[in-house]
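Student: Below, each chain spelled out in residue letters.
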Amino acid sequence: MLDVLPPLFPVSRLLNPYLQLFLTVVLVTIAEILLKQGAMASAPASVDWLGLSSLPSRRVWVGAALLVLSSGTWILVLRVLPLYLAFTLSSVVHVTIPVCSWLVLGEQIHPVRWTGIALVLAGIWIIARPVSRVEEHP
Amino acid sequence: MSGTLLSLLIGCQVLLVVSQLFLKHAMNLAGRTPPARAGVVLFGGLFVAAMTLWFLLWMGFLQVMPLSQVLPWEGLSPVLLVIGAAVFLREKISREAWIGISLISAGVVLVSVS
Chain A
0 MLDVLPPLFP VSRLLNPYLQ LFLTVVLVTI AEILLKQGAM ASAPASVDWL
50 GLSSLPSRRV WVGAALLVLS SGTWILVLRV LPLYLAFTLS SVVHVTIPVC
100 SWLVLGEQIH PVRWTGIALV LAGIWIIARP VSRVEEHP
Chain B
0 MSGTLLSLLI GCQVLLVVSQ LFLKHAMNLA GRTPPARAGV VLFGGLFVAA
50 MTLWFLLWMG FLQVMPLSQV LPWEGLSPVL LVIGAAVFLR EKISREAWIG
100 ISLISAGVVL VSVS
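Chains as they are written, first to last, in numbering that gives the first Met the number 0: chain A, 0 to 137; chain B, 0 to 113.
So here's chain A without its partners, still in its complex pose (with noise of 0.2 Å):
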């Protein structure tokens, strides 16, 4: 497993894989409530699939172009990370989106939600585990 971690601090710290994930899951977040936000303000009576109806909202474009910024951010965590890895630990979003669909759009979380929040953070925990310990000592 060595061989295909990177270093913790590369040549640029701003190209760091884990910071530039770090800003991935802060960006997906902020457009995934923008978007939603925008999506309730103007939903149709009836069911359109392709969703094209949300399209004259600013929030909508807004959290469209998060998406774009974050997929930059994506692209510079996938130079470096496994897909795999990159990925499973990008589902931090589980976490984050239910948790600012409470603070912010009131939606509720139930107890057996708030389990499964925490399964997902166990989760995270048991891969990101072996990543650290692995940087702490090269």
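None of these hints come from the bench; they were simulated from the model. Incorrect hints may have been included.
Here are the in silico distance ranges between beta carbons for each label pair [said to hold, decoys possible]:
1) Val-25/A - Ser-93/B: 23 to 31 Å
2) Val-111/A - Pro-34/B: 44 to 52 Å
3) Ala-121/A - Leu-7/B: 36 to 44 Å
4) Ile-82/B - Gly-71/A: 23 to 31 Å
5) His-109/A - Arg-89/B: 38 to 46 Å
6) Leu-14/A - Ala-48/B: 23 to 31 Å
Given the structure is predicted, the values throughout are model-derived calculations rather than measurements. Each residue gets a CB set at the ideal place from its N, CA and C atoms; glycine is no exception.
Starting from the structure of chain A, add chain B where the hints point.
Tutor: Okay, now just chain B, sitting in the frame of chain A:
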């Protein structure tokens, strides 16, 4: 939940996973010496196409369901993606990582139970 809605939600996750496999494959091709330019353009283009379709489907779901009910379906994607990364990209996945991925997927399914 109707069958159509369910299969669209699952199809949406497959689309997301496939797009990520395209992107990582394009990055791998770009990292070769010399870089395989045609391949990077092809798979980069496939990534953009898959993401665009995914985005429009996603907006459709957000219009009719609460975000905290749409998002949990992404729980399928860690498992689908890791299988894809192992099979198509030949990434080595440790036993510990499989345990973590199972926990994440189980967690995301629990988040979706309402």
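Student: Evaluate each hint against the coordinates.
Tutor: Going through the hints against the structure:
A hinted range of 23 to 31 Å for the beta carbons of Val-25/A and Ser-93/B is consistent with their spacing of about 28 Å. As the Cβ distance of Val-111/A to Pro-34/B is approximately 48 Å, the hint placing it in 44 to 52 Å holds. For Ala-121/A paired with Leu-7/B, a C-beta distance near 30 Å fails the hint of 36 to 44 Å. Checked against the hint of 23 to 31 Å, the pair Ile-82/B and Gly-71/A passes, with Cβ atoms roughly 27 Å apart.
At about 41 Å, the beta-carbon gap between His-109/A and Arg-89/B stays in the expected band of 38 to 46 Å. Roughly 27 Å separates the CB atoms of Leu-14/A and Ala-48/B, a value that falls within the hinted 23 to 31 Å.
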